[in-house]
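**Q** Hey, can you work out the whole structure from these sequences and the hints?
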Amino acid sequence: MRINVLQHASNEGPGTIRSWAEDHGHDMYIYHPNEFYKLPNINETDMLVILGGPMSANDDDDWIKAERKLIHEAIDKDIPIYGACFGSQQIAKALGYRIAPSPVKEVGWAPVYLKANIIDNFPKKLMALHWHGEMFEVPNQAKLLFSSDLLKNQGFVINHHIMGLQFHFEPMQTDLREIVVNDGEYACDNALNQSAADIINYPVPKENKKIMYQLLDYINQ
Numbered sequence: 001m002r003i004n005v006l007q008h009a010s011n012e013g014p015g016t017i018r019s020w021a022e023d024h025g026h027d028m029y030i031y032h033p034n035e036f037y038k039l040p041n042i043n044e045t046d047m048l049v050i051l052g053g054p055m056s057a058n059d060d061d062d063w064i065k066a067e068r069k070l071i072h073e074a075i076d077k078d079i080p081i082y083g084a085c086f087g088s089q090q091i092a093k094a095l096g097y098r099i100a101p102s103p104v105k106e107v108g109w110a111p112v113y114l115k116a117n118i119i120d121n122f123p124k125k126l127m128a129l130h131w132h133g134e135m136f137e138v139p140n141q142a143k144l145l146f147s148s149d150l151l152k153n154q155g156f157v158i159n160h161h162i163m164g165l166q167f168h169f170e171p172m173q174t175d176l177r178e179i180v181v182n183d184g185e186y187a188c189d190n191a192l193n194q195s196a197a198d199i200i201n202y203p204v205p206k207e208n209k210k211i212m213y214q215l216l217d218y219i220n221q
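Residue numbers (the working numbering): 1 to 221.
None of these hints come from the bench; they were simulated from the model. Each hint should be verified, as a subset may be incorrect.
What the hints assert, rightly or not - Here are the simulated SDA-like pairs of lysine to any residue, each with C-alpha atoms no more than 20 Å apart in a straight line:
#: 1; residue 1: K206; residue 2: Q221
#: 2; residue 1: K69; residue 2: P40
#: 3; residue 1: K209; residue 2: P111
#: 4; residue 1: K210; residue 2: G96
#: 5; residue 1: K209; residue 2: N190
#: 6; residue 1: K115; residue 2: L126
#: 7; residue 1: K210; residue 2: P111
#: 8; residue 1: K209; residue 2: Q221
#: 9; residue 1: K209; residue 2: N140
#: 10; residue 1: K209; residue 2: S195
#: 11; residue 1: K206; residue 2: M127
#: 12; residue 1: K77; residue 2: P40
Said to hold, decoys possible - Here are the simulated distance ranges between beta carbons:
#: 13; residue 1: I119; residue 2: K152; range: 34 to 42 Å
#: 14; residue 1: D149; residue 2: Y29; range: 22 to 30 Å
#: 15; residue 1: G25; residue 2: H160; range: 18 to 26 Å
For glycine and all other residues, C-beta sits at the position ideal for the given N, C-alpha and C.
**A** What follows is the structure in structure tokens.
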């Protein structure tokens, strides 16, 4: 299987999504559309992963609009899609739903709560990394998948093959360090009241890798 990844920030890579691909014998190709203005061919895509980034789905850049066209093509072909943070907002926006400033800026570690029982023996409460100031409306055809204490719309799943999460399960410890040492200033004045030092010193939960694998297995069934 060819997994095409859209990466929008050099410090926000695929993390355990890469591990999942390698462990399953899949080929991963990483594109940087905001840097090289290049997107994969949908006919060479068996799974589409859209990662986070500092930009907004409401921005008017041509590459952002082109990404949403690619998302539509993937939906039409029933190709599994996984979006994290900006990626989840791109999916929602592609489907015609609003992306707006979040009522709170969530940056740091905080629990999320499962709202849809789609996977057997899946934990009801998990610790996730939050790094966002905008939010999506959950599409009408979607199931609300996760909520947090501060924000209801934290994740959705559509027709078994499309999943968007506002937060991050994919970073490993090294990925966390890379995110924070390069973008730790974004943690200033956030609703979780965590500093960059608080965030980087928090041990990534060991279960998050297993959770990421379960979610990716689910949309590829």
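**Q** Now tell me, hint by hint, if it's right for this structure.
**A** Structure-based check of all given hints:
no., hint, verdict
1, K206 - Q221, "violated (24 Å)"
2, K69 - P40, "holds (12 Å)"
3, K209 - P111, "holds (16 Å)"
4, K210 - G96, "violated (32 Å)"
5, K209 - N190, "violated (26 Å)"
6, K115 - L126, "holds (12 Å)"
7, K210 - P111, "holds (16 Å)"
8, K209 - Q221, "holds (19 Å)"
9, K209 - N140, "violated (29 Å)"
10, K209 - S195, "violated (24 Å)"
11, K206 - M127, "holds (10 Å)"
12, K77 - P40, "holds (14 Å)"
13, I119 - K152: 34 to 42 Å, "violated (21 Å)"
14, D149 - Y29: 22 to 30 Å, "violated (37 Å)"
15, G25 - H160: 18 to 26 Å, "holds (22 Å)"
Checked against the numbered hints listed earlier, the structure breaks hints 1, 4, 5, 9, 10, 13 and 14; every other hint is satisfied.
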